[in-house]
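Listed here are the chains, written in short residue letters.
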Amino acid sequence: MAKQLYLIDGDENHAEALKTYIGRRQYDVICVSTFDSAKRLLDKNFPDIILADPFISEEMVSCLESVKKNDPRVQIIIFSQKDKLDTAMDIFGSSAIHYLELPLNSKALDLALTAACIIISMNKKVSQYSQKLVDFQNEQNLLNQLFEEVPCYISVQDRNLRITAANKKFKYHFGNQIGGYCFEIYKHRTSQCHECPVVATFQDGKSHSTEEIVTSKFGKQYNVLTRTAPIRNEKGEITQVMEMSTNITQIRQLQDHLVSLGLMLGSMSHGVKGMLTALDGGIYQLETGLAKKDDDRVFKASEQIKTMADKIKNMVLEILYYAKSRELQYEEMTVAALARNVVSNVKPMAEKHGVNLDIAIPETLGNIDVDPKWMEASLVNFLENAVDACVSDRDNKDHCIKFQVSKNSKNQICFTISDNGIGMDTETKNKMFTLFFTSKGSQGTGLGLFIAHRVIKYHGGIVDVESEQGKGSQFCICLPFQKPDSTKNVEFPVVFPRVNG
Amino acid sequence: MKKKILVIDDDLNIRDYLVSLFNDNGYEAYIAGDVKEGIKEANKIKPDLITLDIEMPGEWGPRFYRQLSQDPKLKNIPVIVISGLSGHQYAVVKAVASLTKPFDRNELLKIVKETLN
Chain A
23 MAKQLYLIDG DENHAEALKT YIGRRQYDVI CVSTFDSAKR LLDKNFPDII
73 LADPFISEEM VSCLESVKKN DPRVQIIIFS QKDKLDTAMD IFGSSAIHYL
123 ELPLNSKALD LALTAACIII SMNKKVSQYS QKLVDFQNEQ NLLNQLFEEV
173 PCYISVQDRN LRITAANKKF KYHFGNQIGG YCFEIYKHRT SQCHECPVVA
223 TFQDGKSHST EEIVTSKFGK QYNVLTRTAP IRNEKGEITQ VMEMSTNITQ
273 IRQLQDHLVS LGLMLGSMSH GVKGMLTALD GGIYQLETGL AKKDDDRVFK
323 ASEQIKTMAD KIKNMVLEIL YYAKSRELQY EEMTVAALAR NVVSNVKPMA
373 EKHGVNLDIA IPETLGNIDV DPKWMEASLV NFLENAVDAC VSDRDNKDHC
423 IKFQVSKNSK NQICFTISDN GIGMDTETKN KMFTLFFTSK GSQGTGLGLF
473 IAHRVIKYHG GIVDVESEQG KGSQFCICLP FQKPDSTKNV EFPVVFPRVN
523 G
Chain B
5 MKKKILVIDD DLNIRDYLVS LFNDNGYEAY IAGDVKEGIK EANKIKPDLI
55 TLDIEMPGEW GPRFYRQLSQ DPKLKNIPVI VISGLSGHQY AVVKAVASLT
105 KPFDRNELLK IVKETLN
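In order, the protein sequences belong to chains A and B. Residue numbers for the first sequence follow our numbering, so the first one is 23 and each next one is one higher. Residue numbers for the second sequence follow our numbering, so the first one is 5 and each next one is one higher.
Isolated chain B (complex conformation) (with noise of 0.2 Å):
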């Protein structure tokens, strides 16, 4: 059964280009555009992993984060920072990877890929 990746960002090009990358390698991706939405689709889908942009309209990423590790249900799923915000890294510690965009997606693949298995 393939691995279920929620990718969380307000930018509908780099959600479409993270949907398709994740499911030519054979990753199954769903996207929302924003923290409500991602939670809703994080309960509904219970997904794998998640990418999370921080900065976005209304509430913004670490809000997310925040809310999933409240639930004991999703607080176990991983989580990848994707942001061009500087200094990102800092904003959700627990996250498993950091990138900044332009990120290199070989990086990217590989990390989703030693994280899932």
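Isolated chain A, as found in the complex (with noise of 0.2 Å):
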């Protein structure tokens, strides 16, 4: 497109012979020869290019002036008699690009013109630019509003699991560490985890979701759904990879209620097939007893069929009242007795799996409050994670559990396991209590340990564990002799402890 040009010049020949010089170089020209008509041209539009005498009236000096502060794009070229040419650099100075000199020389004129039509596609260059770099610092607040704000803890990871930029949500929660280790940040581990969808990603560059049970700096767990996308640089070479998780622990807490309702129906169908076998053999003996008219055999019966009648009825209402809450039915027992059925329960599966039992009961502890059915299940359970710890230590010792029963300085009763299996990590003694962690793959179910430590923990108790990857672990399980204050109407799982028959 033409440059539009304002010719200013006192001169009505001297400008119209200009006007056809330039206009032969492809520019618009308008020419005017005094201020009044420049004042009005100028007043209604500035022109790319003014080429002027600013000397022909006073007040044209400030009008150039004034146009130069309203437009710095406007380039002017002054012009003038020799001995005015240095008042004009002295008012002008930078303002303008050029000074020449009458009578113009025409090869000064055209390089004065393409002086100023360089300048000015620079400066149209430098403003479309400037423009650019609007709209990106806009559009890169907008992202990093979206990466702040996002409700998901988002990190991002090197190739060696190290983290080098994480959202708001992900700092509240797991601490500012850039550059840490993930695993260690996330997992409390000191080692990369088993299964990590951020190396699958760097691996095969697809996304990659698990579920993962994580830490927080306060110490809380949270489960979590994770997703992994590959960030790639400007040659398609992967470079990092961001890890998006969603906190999912109302959702697992939720599911913990069903599971557990499933459970616990799951491990009554079985009391009930028994119940009605019973009673199918009772109408048997009712029917072949009046067949033969055998009164001894109809008399036991009926009563087996009362008996299976009431035990249906009682199961049912237990069933109702354990899917709402259930209080713990504290009972009198002597902690040797309590000891003595734990071992008992535990003996069989330890000797099939060659684990040495070294049991130290002294009779002289006397008598705990205690709900006998829950708390033997769940000492049983801790024996029985300590036999898993056992056999699946692969070193060829001998494996012994040591259990011992005895008092501490805080008149509590202390049950102390210890076995010299295969020890825990640093993340599985963190979660070991928590919903659906387990460390034994798909043979566990995550439910065990954390029933367990429930059944401990509503009674009053505390479990402190002590372990070293490849030497062992010890608990002890700590509960008062009296039933405590607190414990009345606490919800409590509903998930029955195994029965037999």
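If you are wondering where the hints come from, they were derived from the structure by calculation, not from laboratory data. Glycine included, C-beta positions come from ideal geometry on N, C-alpha and C. There's no promise every hint is true.
[Unchecked claim] Calculated lysine-lysine pairs in the DSBU-like style (CA-CA distance at most 30 Å, straight line): (1) 295/A x 98/B; (2) 295/A x 8/B; (3) 154/A x 90/A; (4) 117/B x 44/B; (5) 295/A x 114/B; (6) 40/B x 369/A; (7) 322/A x 114/B; (8) 77/B x 295/A; (9) 117/B x 322/A; (10) 374/A x 48/B; (11) 395/A x 505/A; (12) 44/B x 322/A; (13) 369/A x 79/B; (14) 369/A x 48/B; (15) 79/B x 374/A; (16) 40/B x 333/A; (17) 314/A x 8/B; (18) 374/A x 50/B; (19) 314/A x 79/B; (20) 117/B x 314/A.
[Unchecked claim] Some, not all, of what chain B presents toward chain A, calculated at C-beta under 7 Å: (21) 17; (22) 18; (23) 106.
Both chains are given apart, each in its own frame, so use the hints to dock them into the complex.
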């Protein structure tokens, strides 16, 4: 597009000659010879270039100064008599790009116009870049805002699994540890996780999804659903991987309730089947007793039917009761009897796997208030886990579990279970009481220790754990002798301990 | 001579039921309440058939079957599993039949008859 040029020259003939000359060089030239006509023109519109003799009137100087001030993009070329050129330079300085002396030299004029065109085109480019920069910054701000405010934990990791960036929610829950290892920050582990979705994405460039249990800087465990995405450089190489984790703890808690309900029904169905068989047996005895006129059989059968009907009624009531909430059924029993019952439950399993049991149960520890059904199931669970820890240990040593019962300085009963099995890493130790966490792969449900721990907690007790990977673990379960006050009307997991039969 | 059936179940009511059922149908029924007793009785009476519960206190049914199958004098005795445990059909794979509690008594008698003939 042709550039617009205003020619301001007091000499009309000279102006016409110049207009013809410049017009041939593809400029749209508008020519004015008085200040008034120049002022009217400039009030309407600013051209690309002004070629002017500023001394055609006194006001012309300030008029040109004001044009430059209002729009710095306008390029001004000054021409005047030789004796006034110095004054013009003093007035305009670098506001004008060229100062030409009358009579005008055509070459000098061409150079001045070319220079003006170059500056105009550069200005245009700079202006375009500036606009792009503003757009880019706006976009970056928007993305940054999304990254920071999205309601998920987001981290970006390099090939060494070090975190290079993290969003606000991640930093709040896991700390501002840019540069730290993901597994250390997210899981408090000392080594890479077994199945890492970030590593998988680095390998195949695809998005991977896993469900994890992570530990916040406050020591709280969250169930999270994790998804990864590759971040590539301009050559298409994966340089980093983004990991986005959604907190699904609440969903898992709801599932916990449903699973517990399912487990309860599963364990109950076994008992129900036995009762129905016995009821069926009663009916058979009754029918055959009547047919044979065997009064003794009829009497026995009716007693059996009544007993079974009562048992079924009680079980249905229990289902309804357990499905809501349950209070612990405290009974006073000797500590030694409780411990012996627990041992007799675990002994066959330990013998089967060739694990020695070293038992120390003093008879002199007195009585304790517990819900025997739940407490036995809980302690059995801890001992069975110790057997599992020995079985999983591939070290060819003699495996042994020590089960000791003693009284501590706080007047509590302590059941100490020590094994020389596989031991636990920090992650397993941190999370072993979390629902659905298991270190046993498909062999575990992640329910056993969760429930066992709850039972101890609701009895007012605590579980202290020490463990070293490869060497073994020690669980110290301390219980008060008396029933604590706080256990009234506690919500209890809806799961039955295993019932034989 | 009547065929002998050994009933191994920890539930007294179910034991009584099975004993009456078998005795009423021309068999001679014997009982055992757990695995240990079951092995003892099996050695003593040499039954023609055994009905076996899976989940019992102490040792459980499959262990009884292992011990039975390792004894040359007892290993050929057919075993019918009767259990309320889900998946019990996989617990003793060589059992002649696996019935779920509560079972159909006619079906049980039919299997017993076919096995003993």
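Flag every earlier hint the structure violates by its number, smallest first.
When the structure is compared with the hints, numbers 8, 19 turn out to be violated.
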